[in-house]
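Dock chain B against chain A, hints included.
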Amino acid sequence: MVKNILRSRGNLSRAERSRKFWDSFMYWCFSLCGLSAIAAVCGIAAYMVLAGTPAINEIGLFHFLLGSRWEPTAPQPAFGVLPMILTSVAGTALSVLASVLVGTLTAVFLEELAPNRLRQAAQATAALMAGLPSVVYGLVGATLLVPLVGKAENALFRGSSSHIFTGGANLLSASILLTVMILPTAIQVGGISLRAVPRELREASLALGADRTETAFKVLIPAARPGIVTGAVLGTGRAMGEAMAVMMVSGNAVNFPLPFHSVRFLTTGIVTEMGYSSGLHRKALFSIGLALFVWILATDLILEALVQREGGGQSA
Amino acid sequence: MTAMMAILFYILLRGASKLRLSLLIGQPSPLKGEYGFLPGLVNTLYIVVLTLLAAVPVGIGAAVYLNEYVGRSGRPSRLVRLINLMVEALAGIPSIVYGLFGAVFFGEALRLGYSILTGSLTLSLMALPIIIRASQESLAAVPQCLREGALGCGASQWQMIWSVVLPCAKRGLLSSVLLAVGRIMGESAALLFTAGAAVNLPKNWLTHPLASGASLTVQMYLGVSSGKYIDEAFAAALALAAVLLGIYLLAGILGREDK
Chain A
1 MVKNILRSRG NLSRAERSRK FWDSFMYWCF SLCGLSAIAA VCGIAAYMVL AGTPAINEIG
61 LFHFLLGSRW EPTAPQPAFG VLPMILTSVA GTALSVLASV LVGTLTAVFL EELAPNRLRQ
121 AAQATAALMA GLPSVVYGLV GATLLVPLVG KAENALFRGS SSHIFTGGAN LLSASILLTV
181 MILPTAIQVG GISLRAVPRE LREASLALGA DRTETAFKVL IPAARPGIVT GAVLGTGRAM
241 GEAMAVMMVS GNAVNFPLPF HSVRFLTTGI VTEMGYSSGL HRKALFSIGL ALFVWILATD
301 LILEALVQRE GGGQSA
Chain B
317 MTAMMAILFY ILLRGASKLR LSLLIGQPSP LKGEYGFLPG LVNTLYIVVL TLLAAVPVGI
377 GAAVYLNEYV GRSGRPSRLV RLINLMVEAL AGIPSIVYGL FGAVFFGEAL RLGYSILTGS
437 LTLSLMALPI IIRASQESLA AVPQCLREGA LGCGASQWQM IWSVVLPCAK RGLLSSVLLA
497 VGRIMGESAA LLFTAGAAVN LPKNWLTHPL ASGASLTVQM YLGVSSGKYI DEAFAAALAL
557 AAVLLGIYLL AGILGREDK
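Those protein sequence lines, which keep their order, are chains A and B.
The numbering used here numbers the first residue of the first sequence as 1 and each following residue consecutively.
The numbering used here numbers the first residue of the second sequence as 317 and each following residue consecutively.
Because the hints were derived from the structure by calculation, they are not lab data.
Even for Gly, the Cβ is constructed at its ideal location relative to N, Cα and C.
Since no wrong hints were added, every one of them can be taken at face value.
To be clear about the criterion: a stretch of chain A counts as covered by chain B if any three or more of its residues have a C-beta under 8 Å from a C-beta of chain B, and this derived list gives those stretches: (1) 28 to 40; (2) 47 to 55; (3) 123 to 131; (4) 243 to 257.
Here chain A stands alone, though its shape is the one from the complex (with noise of 0.2 Å):
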């Protein structure tokens, strides 16, 4: 102890005094990559505000969010998203809802019933669809399912007068692509949380009697309920920000959500519109990048209390 205090810093041999420098000095170059993810989301939200704010000030806040007229390039310019907003939330609604239903089941399936390698196949592919492009996606869905799309639609509205004929670019198409899109993950998340159940809980039930589908049923995914709720709010994220596929089968028009209705979702009008826009316009596709990234916050922190809650209650 007096040793270690007589040899003050002055008596540290060069090497070693090198040693610290360069101790401290990456000490401080880690911190600073550490902050940096801090940093970046702060800086993407503080340029997100101001650049979307001004023309909500100029809008109006009630009039932008809650106008169901878009018709920026009028000589009487009107910026109401309301049609956008309802678009994404509806095809978002649709297309986590078929995904979790198709994904779970699928999941429950691979996981309980389907021989190793016929799962080991299915997984790789969900990987792969999972990784694939979304100019991938949405090349598919313009040359496979909007031609089938517009099929079901000719025979549907036969004669009617009063329907405007998308040839299947509508609703409907973008839905069922984003169905598509997000099913992988939605199956991954389901695989996993399906193999966290306890091995005695599934043991327990098929020892009282019932039979492996009442198992998978009544016991498997009430248990896995948390990871499928997880992999539903991921899907919403994902559903919610994808513009490039769902903006080469969703028609682009702006319109209220019926399935056979063209439509444009608030990611797609930004691209459709941002290359050719000015002034007051380009500021409002802002707006809505603005919108859709309070969206997309709000959702994260939500999943993240429910993740961190579900997490507390295991651990305790």
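Below, chain B alone, put in the same frame as chain A:
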């Protein structure tokens, strides 16, 4: 499940009929009536390299900070929880919002305009959460006894990280970089307003990052929305899907061997 398989087969079917090497490494030339994805391919390469240059050091650095400096002492502090929350938030922000941010911040505030550099900087923010998360996992898989051994031999914390922890985790770190590459290669919405849509080959290889350039995905999108090059786009989609499959498989193998 069958729907997913069907999509893959459809891409395979429509893509294979048009897939030629000359399509992928040829230039579009309206005069000769030819189309090629070489400009998109070159731009994508530029974007991947520049994005990684920015995102990999910061991402791995952040993972090291979270895992080696602050993550070891029991309950995570408030700062660490904030960082984790922000990483989640970054991962959740839609690419179109990144695109808008990149356009106003890098493009207008930093005066980089529509350029490959703007696009790359934007994408490096997107790649950050992927790299941080995956790197953290592989750092956490390094056995604690190795760290203690190094510290016991008198290494400083930085020496321990540089000579023991990082080499042990290098496969996992590489896998995290590959995941990011996959994400970058497939991105389109964030690039449309940042890297622009010019389908040109570089005039000058050095200053090309400051020029506007459409990535492969953006070029595909432009080709399809012009209505003329749908079959060509399918061929490019097939090639892209094959490359991505390779990247993800490799990332999976590298990531697994770590554990």
